[in-house]
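S.K.: Listed in order, the protein sequences are those of chains D and P.
To get the numbering used here, take the position in the first sequence, counting from 1, and add 2.
To get the numbering used here, take the position in the second sequence, counting from 1, and add 2.
For the record, the hints were derived by calculation from the structure and aren't laboratory data.
It should be emphasised that the depicted structure is a prediction, and the values quoted were computed from it without experimental measurement.
A portion of the hints provided could be inaccurate.
Claimed, not checked - Which chain D residues face chain P? A few, computed with CB under 8 Å, are given here:
1. Q61
2. G65
3. G66
4. G84
5. R104
6. Q249
7. P255
8. D264
For every residue, glycine included, the Cβ atom is placed at its ideal position computed from N, Cα and C.
Protein chains: 2
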Amino acid sequence: MSHDRCLYSNMVALSPVLVLTYLSYFHSASCHATVPNMLNVHLVPHTHDDVGWLKTVDQYFYGGRNDIQHAGVQYILDSVVGQLLQNPERRFIYVETAFFYRWWKNQPPSMQKAVRQLVDQGRLEFVNGGWCMSDEATTHYSAVIDQMTLGLRFLNDTFGPCGRPRVAWHIDPFGHAREHASMFAQMGYDGFFFGRLDYQDRTNRIRTLEQELLWRASESLEPPYADLFTGILPNGYNPPKGFCWDQSCDDAPIMDDPDLEDYNVDDVVQRFAAAANSQAMAYKTKHIIMTMGSDFQYENANLWYKNLDKLIRYVNTRQANGSQINVLYSTPSCYLQELHRANLTWTLKTDDFFPYADDAHNFWTGYFTSRPALKRYERVSNGRLQTCNQLEVLGGPSSRKGPFGAGDSETLREAMAVAQHHDAVSGTEKQHVANDYARRLANGWQHCQVVVSNSLAALSGSSAGRIYCDNLNVSACPLTEASKKFSVNVYNSLARPVVWPVRLPVNASAYTVLDATGTPVDCQVSVCFRPQLVNYLPTYAQYFFNRVCVCVCVCVCQFVRATFDPATGLLDSLTNLETQQTIRLTQNFYWYNASDGKSSISDQASGAYIFRPNSSSPFIISCTAETESIQLQEVRQQFGPWVSQVIRLHSNSKALEMEWTVGPVPIADGLGKEVITRLDSSIASSGVFYTDSNGREVLRRKKDFRPTWDLRQTEPVAGNYYPINSRAYIKDDKDQLTVVTDRSQGGSSIHDGSLEIMLHRRLLHDDWRGVGEPLNEMSGVFPLGLVVRGRLLLSLTPPALAADAHRPLAQENVLQPLLSFTEGGPPPGSLLEFSGLQAALPPAVHLLTLSQWGQDSLLIRLEHQFQTKESKEHSVPFTVNLQVYTQYTHICTWEPLGTHIHTLFPSQSIINLFMVYLIGKDSVRRPTDNSYPMQGS
Amino acid sequence: MSHDRCLYSNMVALSPVLVLTYLSYFHSASCHATVPNMLNVHLVPHTHDDVGWLKTVDQYFYGGRNDIQHAGVQYILDSVVGQLLQNPERRFIYVETAFFYRWWKNQPPSMQKAVRQLVDQGRLEFVNGGWCMSDEATTHYSAVIDQMTLGLRFLNDTFGPCGRPRVAWHIDPFGHAREHASMFAQMGYDGFFFGRLDYQDRTNRIRTLEQELLWRASESLEPPYADLFTGILPNGYNPPKGFCWDQSCDDAPIMDDPDLEDYNVDDVVQRFAAAANSQAMAYKTKHIIMTMGSDFQYENANLWYKNLDKLIRYVNTRQANGSQINVLYSTPSCYLQELHRANLTWTLKTDDFFPYADDAHNFWTGYFTSRPALKRYERVSNGRLQTCNQLEVLGGPSSRKGPFGAGDSETLREAMAVAQHHDAVSGTEKQHVANDYARRLANGWQHCQVVVSNSLAALSGSSAGRIYCDNLNVSACPLTEASKKFSVNVYNSLARPVVWPVRLPVNASAYTVLDATGTPVDCQVSVCFRPQLVNYLPTYAQYFFNRVCVCVCVCVCQFVRATFDPATGLLDSLTNLETQQTIRLTQNFYWYNASDGKSSISDQASGAYIFRPNSSSPFIISCTAETESIQLQEVRQQFGPWVSQVIRLHSNSKALEMEWTVGPVPIADGLGKEVITRLDSSIASSGVFYTDSNGREVLRRKKDFRPTWDLRQTEPVAGNYYPINSRAYIKDDKDQLTVVTDRSQGGSSIHDGSLEIMLHRRLLHDDWRGVGEPLNEMSGVFPLGLVVRGRLLLSLTPPALAADAHRPLAQENVLQPLLSFTEGGPPPGSLLEFSGLQAALPPAVHLLTLSQWGQDSLLIRLEHQFQTKESKEHSVPFTVNLQVYTQYTHICTWEPLGTHIHTLFPSQSIINLFMVYLIGKDSVRRPTDNSYPMQGS
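Turn these sequences into a full structure, and let the hints guide you.
M.R.: If you want it as C-alpha cells, here you go:
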C-alpha cells in the first residue's frame, strides 16, 4: 500500500505537465473510505507550531519558558507519534520542518524507523513542509523560496517521495499574498488551505458557497501554471466550538461510562451533528473538513485521540438509526482528493487576500510596518546569505575551511528561514523573541563571514585580515576611521554590473581613491554634524560628536533634478531630465495617533498587528524643514528632534534617494504614534495605486474597493493599507512615480496623487491578538525609543518605461554589494578583481540562487525578473545558454531537463531551477524530484 | 524476578508476627541498585489525585470541567503506563484505588495484561491503596477501615500479592491522627510517609534529624503491634524547587542539544547537586527521597520522564569526575528498604500531629468543623451502610433482588469510601463538589433502601411497602403526619440492646403506641411552634407552620438533673443522681469574628481550612435565653433569631442531650462568624483536656503545649484547637464531664473548666489554600445561610467510670437505629421482632463489621471497644465464642485462624478480622492474604 501510494505520487511529480495542473491530485491509498451520499466529515488532527512568537523557536521546541506560554514541540512530536503507533486509524499532519528537524535528529534509529513507516503509510503526513509557515505580507519571494527549499529538502532526503507535502497550509498568516499562491502552484502543490480572511469576504463567500475556489495567482504565467485550488477553513484552524480536547482546552471530554456522573455521549453526538450540518451549509460538496487542533496542541495527544476515537465511533454508530453523517480521520490531501472526485467548477480568483480585517475596526495592517529595524535586518541578511552562498561556490571547498577557520552558510540559512515565520519578520513577536531572531541572523552572518573571508582569500590570493563594518548604516567603522590607508573590497552578487554609492566614515579631509586598475576614482569628502544620528547609540555619543567626515563617492552625471521650496525647505518638484517630465512633488512626515482602544465605536487599540488610527487625518511633524545643502547632490532636512532626512542624487542613478531617520518617537504625551512619509504629487492617480506582492508581480489597488465583493469601508486609512515589499507606485497617462523600499512596509494612497508609506510605529497598548505587549521598541541600554533609518528610492518615468527602471533598482536594493575592508594597500600579486560569471546575464534575467547543493552539485536558479506587458524591451522571452556564463559547464550535466539552454518566458514569475553536477570523485548523485521546490517550464 | 519478589512479600504477609513488625520489610528485587558511600537520591515519580476537591471525583477522572482545574486522571494513567512501558528503568507509584478502578475497568485485556506485568515487576507500585487518601481529622475509624478494605480488596483481587501496597502514603492530609498510624501498622504496612506537619515541628526535626521516626501509635496495643516507621517528606509532596517538569509547571526542561539556544545541562546538574546536598543535611542516612510529582501531575508523563531520564544520566555521568551523588528511579518501598539496611534507631513518637500550622497565624483547625451538615450526613451514612451490610447478610440472597427490586450495598460503600477523602468529609472542597458527595451518599442510600426493604420483607415475612423518612431531623415524615394508623420498624445494628428515643411528627394529639408484643408503650404528644426550624426548607414553610405535633417517647427514670438559672434561662448545674455528684455548669453560644485577612500581623483569613479568629475573645450571642419548658425532660432555649437549643433528658439515658440549631448565620454586618457552644464548669481542669482520635483512643491535650517541642504559641485559640471525632472531656480528681458529638467537630479548652466545640462556620473570604471559595454555605433555593442542627450528649461521672458511659454512648450515636414505616398495623402472621445474633455480645465487644464478602462468605469484624486502663470493669480481655452468637457457625469455617473462639485484648485498638465461609454450592473460595486489610493478633 505505502509503496503504491508514494510511487504514484512520485510519478505525478516527475511529469512537468501534471505537476502544474492542480486537478491532477495524486491518489492516496492511505485515505480512509468515505460514504457516498452521506455528509463526510474529515477530521484533521493538527498542531500549529509557531517558529517563534511569544517564545523563541528553541524555547518552543524544548518547552522552556512555559511561564510565558505552555508549549513544547519536542513533547508534541513524542506524543503524537506514540498515539499514531497505537491505532492505525489515526492521522496527523505536521507542518513546520524547523521543529521536525530538531526533533528527528534526537531520535534513536528505532524511532526513526517507526516514523518512516508512519509516513510511508500516510498516517503522518507532512503539509506545507517549509522550514516555517512564512509570513505573506512582509516576506521577499527569494527568502521564501530559500526557506521552502530548506524544509522540503530535509523531508525529501529523509523520507523520499512519501514525505513530499502535497498541500500548502497557511492557516495562520494574517492575509494572503498572490505571489505565495503562485509559488505554491509552481512548486507543485495540489492545493492550498488557509484560515484567515476578511470578515466581509468570509460572509460573502459563505453566502455564495465560494470558500473553496481556484486562485489564478499570476498575471504573467500561462494558466494553469500558477493556478492553485484554495480552500478556506471553516473555523480558522480551530475545532468547532465545544470540541477542543487538547490539554489547553476546557471542553467536556466524552464521558461514556454510564456508571459515572455526567454521561454525555448523546449530547456530544447531537452537538457534533449540529456543527457538521451547519458547516455543510457553507460548502459545496458532501465533504467538509474540521481542523482538530490549534496552537501548540497535541503535547498530550492522548487527550485528543482518545476523544476523537470515541467521537467517530459514537457518531458513526448512529448511522444504523438513520444518521446521515460519516466521520473519519483524514488529512488535507485526502479531503482534497474527495473534492477532486466531486468534479465541480470552482470560482476563479485573481487578486489577493489583503488587507485582512477580523471586524469593522480591526485591520491587520499595522504589522506591514511593525519592527522596521528587524524588517530591514532580515532584508540585509537575505543579501548576505546570497553572497555567502555564491562565494561558498566560487571559492571552492576551502571556503568552508580555510585560513580564517571553519565557516558555514547553514547557520545563516536556517536563521533566515526561521525569520520568514509569520511572527518573525512580520514584527508580531514579543520583544525578546525579536531579539532572538536578530541574534540568530547576526550569528549566522558570523559563520558566513568566515566563508566569505576564506573564499575571498582563495579567489584573490590574499589572506590579509578582512573587516566587515556592520554598523556602516550609522557611519561607524573603526578601521576606516582609524586607518590612513585601507582597501575597500566590494562583492556584487547580481549577475550584472552595478554602480553603487559607498559612504564611509573617515577622520581626515582628503583621500585618494583608486580602483582595482589603479585608476583614481572621483570622491568627495564632506563633514557632517548630525547629533540626532547618535540618539540610539548613546554609548558612542562622545565619539560621534567629534568631527566625523563622510566620504561620498558620487558622479555628477545627473539624470534627475529635484527642487526645494526655499520657504519651507520641503521637496517641491521632481524632474526626469532624460524624458523631460516634471511633476509637482512635496514630501513630508506625519504621524497617525494610534487608537488606545478607548473610543466609543470600538475598543480596538493599535498594536503589533492592528493599525487603527484615532483619526484619518495624520498630524504633521513640521510644516517646514531646516535644510542644509551639501554640494549639488545632497539636501539634509531636519523636521524636529526626532525626524530628519537626507535627499540625495547619485551619479549613474536615475533614482532620487530619500534617507529617512525616525526616532526616538516621543511618547511623553501618552500618545502612540504611527509615522508615515507622504509624497503628494500632481499625478492624477484617481484612487488607484500599485503595490508588489512579495517583491515580484505588482497588483493594482483601488481605494475603498475590493475586486470580489462590495466593500463596506469602515476604516478610511487602515482599511486601505497594503503591504509593500519592494515597491509601490501611482501613475496617470503621462507620469509614473515609483517608490522602491529597502524593507517591507505598509502603505497606501489615501488622496489622489499621494503615496504614503508607514515607516515606524511606537505604541503604548497591546492589540489583543495574543502577543501581549505594546509595540514599544527601545534602543540599547537607555529607555529611549528605537531610532530607525531607511531609504526610499524614487523614480519618475513614463508608465511604459517604469519597469525598466524599478525592476533592476529593486534587485540592486535587495542584493546590495558586500563591503569588506583590509588594512593597507593591496598585497602584491593578489587578484584585485574577478567575476564569477563569464559574462553578464541579460537585463531581464536574474540570478536568483547560486549555492552549493551537495559535495559535487550546485543549485542555480535563474528567473525572468520582468512581469508580462510591463516593459516593451524586457517583457519578452530570453533564451539563456548557460555555457556562455559559467566556467564550469564543460564538466557538468544539467538537471532536470538535461540541457544548458533554457528559455525564460516573458514574465517575472517564471522561476527555473537547474542542478549543476560537477563531476565528483566516484559517482554523480541524482536527487529525486522533491529536491526541487521550484518547478518551472 | 517478579515472582520471587511477590512470593516473598506474600510469605511475609502471611506470618502474623512479621506482619506486625515494621522492621521486617519485604525485600524487593525490583529496586534499582544504590551506590554505597554515595548520596543516593531516590526519585519517586508520583501523582496526587484528589478523590474530589475543586471538581467532583468523576470530573477528575474524565478531565471534565477543566475550566475549574486542568486534571484528568484517565489521561494520567494512560500516559504513565505508556511511559513505563517505554523504559524499564522508570518507576511510578499510584495511590487512589477509586480512580485506578475506574480506569482499569475501561482497559482492553491487552492493556490489563501489560499493566499486570508492570505491577509484577515493581515498575508500577501501589502505595496506600485505599479507595482514597482519607482525611485524618474528621473521619471515623470504622469508615476508614471500610474504605481501605474496598481499595485493598480490589488490588488483591486484580493483582494478587504484587499489588499489595507496602507503604502508607498520606502526603496531603492536614495533620495526622495517631489512630490512622495505628490502623496502618495493624494493616501490615511497612512504613508511612506524609508531607504536612507543623512548621515549628518541622524546623525542630530538621535540626535534630528527626524527620524520620518511629510512631508508637497506641497506648493500648503491645508494641510493636501499633509501631510504624514514619517518614516526613522533604518538600511536602512536591519536587525540589526548579525541578518540576510536569505540564502544569514552568521549570526549564533539560536543554541538552548544544546546537540550540539555552543549553542548560551544567546548570541543571549543579542546581540538582545543591538541592540534594542541602536535603541530605536534614536526614540521617546516605539516602534521600524526592517526590517528583504533585496534584494531578503526569497527565503527560513524557514531560516528566524525558527530563528525569536526562537528569539521571547527566548527574550520574558526573561521578566519573568525582561527584558523590547517585540518582535513581525509586519508590517509597525501595527507599524504605535502604533505610532499613542502614540499621539505625529512630526516635519514638507517641502523640499525634495535630494541629497543623504552616505558619504563625495559619492553623489548619477550621476544617475540623467546616461543612457541619456534610460531616453529619457522612456519619449518618456510615450507620446506614452498616445496617445495609448487616441486613444484606441476614436477609440472604433475596436482599439484593427481592420484592422491592434490585438493590445493592456497593453504591453506598463506594460513596462512603469517596466521602472519606481529605477534601470530602473534611469540608475543604468546593460547594458543587460537597453537593456531589452528598448526592452520592443519598444515591447510595437509595440502593441500600432496596436491600433493607427486601431483607426486612424476607425476615419479617411481610412485603408491605416501607417508607424511610429521611427528613426526620427536621420533623418531616409525610406518612406519620398523614396516617391514622402506622407501624414504626426499628433496626438496631449494635450487637446489644439499646434504648433510643424516637421522635415523630404527627398531626393528632393522641396516639396509642404498642410494641411488638402488643404491650402499650409510654408516649407523649407535644406541640411545637418553632419557625426557625424551617428556614432552610422554605419551600415547605407553609406546611411546617401548621400545627405539627411531636411525639416524644420518653421514660421518666431520671439519672440526671439539670438546673437552669431563672434570670438568664441558661443551664446552671448538672447532677449525676446515681453518683450524687454535681458541678456548676453554664452553657452558651458564642462566635469568633473570622479574620478577613486585613490585619497588620498577617494577611491570613479564616477559610475552609484555616481557623483564624480576629480576637481570642468570642462574641456572645445573647447573655440570656428565652426558655420554654416542655414537661420535666425538655427545656427549649432561644438565643436570638438564628440560635436555639433544646435540652433534653431521656429515660434510661444517663446523658443530657443538647440539640442545637444554628443558622442562618447572619453576615449582613460583613463579618464572617465561627460559632461555638461553650460549657463552663467548676471542674479544675488545669489547662488539660482530652479528645479522641478518629473515634477510638483518646489523647491528652494541654493548652499551649506540644509534647515533642517547645511551642511558641502564636494563636491562643486556633492554636489550641483539636479534632473531636466522637468525644472530648475535661476532668479533675472528682468529676469528668464528657461530651459525645454526633459528627466530627473542632474544639478546645481555652479556659480552665471550659470546653468549647465549634458548631458552624460562615465565612466571607477564601483562605488561599486552593479551594478558591469562601466557606459560605447556602440553604436550598434561597440565598440564606445554611441552618445546621446537631446534638451533644453530656455525661457527668467520676473519672474512673467515665468510659463505661461514653464508650457505649458514642457507639450508639454512630450506629443509630434505622427507622422505617409502614402504613397500617402489622400484617397477619408476620414476624414482628427478630435478632441477628443468638445473644448480645459482652459490653466491651463491638460488632464493627458484618457484611457479605463473596457469594459464600461473610466478613465479620469484632473489636474490643475500650481503651486500656480506662475502665476497671471493661478494660480487660474478653473471650468470644462465636458459636454462641451466630446461627451460622455450624456450617462454616473460620479464617484466617481456623477457630471460632477468640480473645479480644483489653484495648479498644485491637481489631480482629474473621472470615466466615458458608458452605457454598460447589466449592469454598479461599481469599489470599490481601483480602484482609485488618490484621489482628
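S.K.: Against each hint, give a clear statement of whether it holds in the structure.
M.R.: So, going through the hints one by one against the coordinates:
{"no.": "1", "hint": "Q61", "result": "holds, 7 Å"}
{"no.": "2", "hint": "G65", "result": "holds, 5 Å"}
{"no.": "3", "hint": "G66", "result": "holds, 5 Å"}
{"no.": "4", "hint": "G84", "result": "holds, 6 Å"}
{"no.": "5", "hint": "R104", "result": "holds, 7 Å"}
{"no.": "6", "hint": "Q249", "result": "holds, 6 Å"}
{"no.": "7", "hint": "P255", "result": "holds, 5 Å"}
{"no.": "8", "hint": "D264", "result": "holds, 6 Å"}
Consistency with the previously given hints is maintained throughout, with no hint failing.
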